[in-house]
Structure formats: structure tokens, C-alpha cells
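Asks: Sequence:
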Amino acid sequence: MREQRSFPVVSSKKFKNALLEWSRHFENVAWLDSNNHSDSFGKFDAILAINGQNDKSEIPIKTIDKTADFIDKRQDWLFGYISYDFKNQLENLYSHNHDGLEFPEIHFFQPSKIILLRDGELQFLYMPSVSDDIPLDFEALQKLSGERSPAERDQQSVRIKLRIHKDAYFEKANRFLHHIQRGDIYEANFCQEFYAEDTTIDPWETYKNLNRISTPPFASFLRLEDKYLLCASPERYLCKRGRRVVSQPIKGTAPRGENAMEDIHLMQTLELDIKERTENIMITDLVRNDLSKSALKGSVEVKELCKVYPFKQVHQMISTIVSEVPENFSPIQLIKDTFPMGSMTGAPKVSAMKIIEEQEETKRGLYSGAVGYFDPEGNFDFNVVIRSILYNATKKYVSFSVGSAITSKSDPEREYQECLLKAKAMRSVLEGS
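Residues are numbered in the numbering used here as their position in the sequence shown, beginning at 1, plus a constant of 37.
Because the hints were derived from the structure by calculation, they are not lab data.
Where is the CB? At the ideal position from N, CA and C, for every residue including glycine.
Treat the hints with caution; some may be incorrect.
Using C-beta positions, here's what the derived DEER-type ranges look like [unchecked claim]:
hint, residue 1, residue 2, range
1, 363, 202, 33 to 41 Å
2, 465, 294, 12 to 20 Å
3, 204, 110, 52 to 60 Å
4, 465, 279, 39 to 47 Å
5, 199, 106, 36 to 44 Å
6, 208, 326, 30 to 38 Å
7, 166, 299, 52 to 60 Å
8, 309, 166, 53 to 61 Å
9, 202, 301, 33 to 41 Å
10, 131, 215, 34 to 42 Å
11, 166, 446, 18 to 26 Å
12, 208, 129, 26 to 34 Å
In silico SDA-like links for lysine to any residue, alpha-carbon gap of 20 Å or less [unchecked claim]:
hint, residue 1, residue 2
13, 400, 432
14, 344, 305
15, 80, 357
16, 312, 221
17, 349, 110
18, 198, 461
19, 264, 430
20, 433, 136
21, 344, 78
22, 373, 142
23, 459, 195
24, 51, 180
25, 461, 347
26, 433, 137
27, 312, 212
28, 330, 388
29, 110, 310
30, 209, 135
31, 203, 456
32, 459, 310
Make a model of the complete structure from these sequences and hints.
Replies: Structure follows, in C-alpha cells:
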């Protein structure tokens with residue numbers, strides 16, 4: 038059982054900044070932030086989970102079977118990720134493309150300290166072995182929250198390279214179209230990597246800059262020793278609350294306008310765009326099918342279809358699909374039934390993933406995987422790892438990837454421009470522009 042104590046806070050924003058700065062002292066960090074977006078499925082404004090270098094509880098879990106065993110027997114919190122390449126355990130698939138990051142396929146940890154920010158309160162959930170630290174840690178956070186925000190640290194301008202250049206992108210996009218014309222697939226998400234070698238960044242400062250630009254509802258920061266994820270994701274992969282399950286795939290992107298009138302026009306244009314709606318409906322149908330594998334009969338329902346939401350840099354078309362599962366249904370089985378998420382694969386899913394592997398140049402790894410947590414009751418919430426920077430500090434390798442959906446109505450030039458639009462936030466943060 039964890040020791041629980043709560044303290045009221047005056048400024049959630051200041052305490053968020055304090056929590057992030059304070060986390061620099063720890064080897065294993067998971068930070069999840071809703072950025073004040075609210076929905077009926079979220080449980081907190083932000084949450085920090087940490088382990089120090091010498092915490093005895095820190096035994097990384099790097100297989101799905103050990104994750105399932107922990108959830109069944111230990112019934113405590115787990116934080117971490119499932120990479121895209123977990124697909125190879127679920128289907129007859131492989132991943133032999135270049136991997137500059139070398140993140141493990143799965144990584145979870147049981148934190149010794151959890152701090153929740155919710156409804157103007159800071160809630161501490163500490164393991165008994167460190168529960169005496171609660172008042173000391175709160176005092177340290179109070180002090181940090183009362184200090185002026187530190188000046189932005191100088192950060193080198195990162196020189197970004199493209200893994201796939203424009204002409205090669207067009208050739209590959211046309212190969213996807215050929216597969217669609219042959220009837221092999223209806224849709225596939227084609228991704229490309231931007232990267233930098235022999236590069237050092239400050240992950241915390243880079244994350245804060247990225248989050249400031251985007252303020253998405255599923256932001257996350259991970260530090261797992263020398264490996265970092267700086268994530269500004271707008272997309273929920275899968276959430277379980279009791280018997281209720283929700284998935285919210287994104288398909289359809291448009292830029293923000295220069296003024297209110299142009300912004301409304303772009304939003305309405307996206308809402309009516311036949312190609313974008315077709316993409317979204319295909320993936321919504323795929324998610325319905327995935328959820329039906331574990332759902333109670335007749336419980337799968339599309340709550341919202343092709344609803345356009347404005348974000349700081351782009352408009353996004355989102356659908357919401359819900360279902361109910363039997364009592365005590367395995368959280369891991371639910372993930373196995375639905376992973377990888379349809380928005381990052383295509384339809385039919387397995388055929389699309391095979392063609393994706395042939396055409397992409399980079400092993401996706403954590404990109405287009407999922408980051409989140411399991412709670413002691415077997416509930417969970419995971420995002421889709423997009424709009425994210427990945428960093429291996431030991432290898433001095435920085436990477437981000439973007440993608441778009443190829444359908445029969447796709448124009449390679451338009452898809453390429455969509456990729457550049459999605460890359461804009463990460464590129465500007467890294468290049469200092």
C-alpha cells in the first residue's frame with residue numbers, strides 16, 4: 038500500500054514547472070500532462086512518476102508477459118511504453134530497418150514516488166520505504182514553485198537531416214498507391230524520419246519548448262536512464278476505466294489560419310474534405326473491429342465521427358469509439374487486441390504493416406507506439422507517440438518522425454506537405470528557429 042497525502046496548491050502552472058525541474062535529479066521519470074484539456078476519461082491534470090538510481094523497487098519490466106504478471110499479482114502503478122515493434126510479437130511481422138535510437142521494445146517501471154496534480158491539489162502516493170520524504174519533497178517543490186522561472190538555457194541549433202528526400206518520398210508514395218490500386222490495401226500510414234547525429238540536447242528544456250508550442254492533451258516526457266521521449270501528442274490510443282474502453286483515432290489535418298476568419302474557413306474545409314473524412318472513417322471502422330474482439334456484444338459504439346478540433350498549430354479530425362468489456366478483463370489482452378493503433382497503420386492492418394515495413398527506411402521503435410500507465414485497479418490510459426522527439430544521450434542521436442495516410446485519393450505532393458506541417462514544431466524547437 039502506498040502512503041497518501043495531499044496539499045492544496047495556489048498555482049497549478051507553477052507547480053507543473055517545479056515538478057519538471059525537480060525530476061532532473063532522477064534516473065527514471067514519467068511525466069504525463071493534459072495541458073488543461075479536459076474530457077470525461079482523464080483522471081488528473083498532470084502526473085509525475087519517478088525512481089532514483091538506487092531505488093530497490095526499480096526493476097525494469099521489458100516483456101509483455103512480465104507486465105501482465107505484475108498487473109495481476111502486484112496491483113500497483115506501472116509507467117512506461119510499448120513500442121510500435123511489439124507488432125512483431127502479435128503477427129507474423131518483422132522490423133529490419135535502420136534503428137539509430139535502440140530503445141527497448143517494451144519498458145515499464147514501478148515508481149517509488151508518484152505525485153498527482155488534480156483539482157488544485159498535489160497528491161503524493163509514495164512507497165512505504167520513502168514515505169518519510171513526502172514533507173521534504175513538498176517543501177522542495179514549494180520552494181521551486183516560488184522561484185522565478187529559470188531563464189531559457191542556451192541550446193545548440195541542431196542540424197536536421199532527412200532520411201527520405203523528396204524525390205524518394207514521391208516514388209514510395211506512388212508504390213503505396215500501386216498497392217491500393219491492386220487491392221492489397223485501402224489505406225496505409227507512411228512515415229519518414231528526420232534526425233541528427235553527434236548531437237547533445239537538454240531534454241527537459243527541449244520538452245518544455247515543444248510543449249509550449251503545442252500544448253496538446255496527451256503530452257509526455259520520459260527519461261529511462263540515457264533514453265528520452267519528448268512528446269507533444271494530441272492523440273489518445275486507448276483508455277480503460279472499469280469496464281468502459283475508449284479509443285480516439287486522429288485522421289485528418291489542416292493548418293491554423295492567420296486570422297479568425299481564415300481559421301474558421303480552414304476548419305470547415307477540413308470537416309467537408311472527402312479524402313480526409315474517408316481516411317478517418319476507414320480507421321474508425323478498423324478500431325470498431327479491434328474493440329469488438331474483447332467487447333461485450335453490442336457495446337461498441339461510435340460516439341463522435343470526424344469531429345474537427347482546433348489545436349495550437351493544426352486542426353485535427355478525431356473520432357471517438359467506446360465499448361464495454363467483461364468484468365476483470367485482462368488489460369494486456371485488450372492492448373494485444375488493438376495494437377498497434379489503426380491511425381498509425383492502415384487497413385487491412387496486417388497487410389498495411391507489411392507494405393509499410395518495405396517502404397519506410399527507419400525502424401519506428403517508440404515512434405507510433407504508446408506511452409502511459411496502468412493503475413492498481415487495472416485501468417490504464419495510453420497516448421499515441423506522435424509529434425515527438427526521441428533522444429539517445431549515449432549515442433548522441435536525436436530523431437523525430439512524421440507520417441500521413443495514403444489512400445486512393447492521395448496526391449504525393451499534398452501528403453509531403455502534410456508531413457512538413459506536422460514536423461514544423463519539432464524542427465523549430467531543435468533548430469532554434
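Asks: If a hint holds in the structure, say so; if it does not, say that too.
Replies: These are the hints, each one checked on the structure:
1. 363 x 202: 33 to 41 Å: violated (50 Å)
2. 465 x 294: 12 to 20 Å: holds (19 Å)
3. 204 x 110: 52 to 60 Å: Holds, since residue 204 and residue 110 (Cβ atoms, about 54 Å apart) stay within the stated range.
4. 465 x 279: 39 to 47 Å: holds (41 Å)
5. 199 x 106: 36 to 44 Å: holds (42 Å)
6. 208 x 326: 30 to 38 Å: Holds, at about 32 Å.
7. 166 x 299: 52 to 60 Å: holds (57 Å)
8. 309 x 166: 53 to 61 Å: Given a distance of about 58 Å, which is inside 53 to 61 Å, the answer is holds.
9. 202 x 301: 33 to 41 Å: Check passed, 36 Å falls within 33 to 41 Å.
10. 131 x 215: 34 to 42 Å: Given about 22 Å between the Cβ atoms, the range is violated.
11. 166 x 446: 18 to 26 Å: violated (58 Å)
12. 208 x 129: 26 to 34 Å: holds (27 Å)
13. 400 x 432: holds (16 Å)
14. 344 x 305: Given that 20 Å is the threshold and the Cα spacing comes to 11 Å, the pair holds.
15. 80 x 357: Holds - the C-alpha atoms of residue 357 and residue 80 are around 18 Å apart, at most 20 Å.
16. 312 x 221: Roughly 19 Å separates the two Cα atoms, so the pair holds.
17. 349 x 110: Roughly 42 Å between the alpha carbons, so the hint for residue 349 and residue 110 is violated.
18. 198 x 461: holds (14 Å)
19. 264 x 430: holds (6 Å)
20. 433 x 136: holds (13 Å)
21. 344 x 78: holds (17 Å)
22. 373 x 142: holds (14 Å)
23. 459 x 195: holds (18 Å)
24. 51 x 180: Roughly 11 Å separates the two Cα atoms, so the pair holds.
25. 461 x 347: holds (16 Å)
26. 433 x 137: holds (10 Å)
27. 312 x 212: Status holds; Cα separation ~19 Å.
28. 330 x 388: Holds, at about 19 Å.
29. 110 x 310: Not satisfied, since the Cα-Cα distance of roughly 49 Å exceeds 20 Å.
30. 209 x 135: Cα-Cα ~17 Å, so holds.
31. 203 x 456: Holds. Residue 203 to residue 456 sits at ~11 Å (cutoff 20 Å).
32. 459 x 310: holds (18 Å)
Against the hints set out earlier in the document, violations occur for numbers 1, 10, 11, 17, 29.
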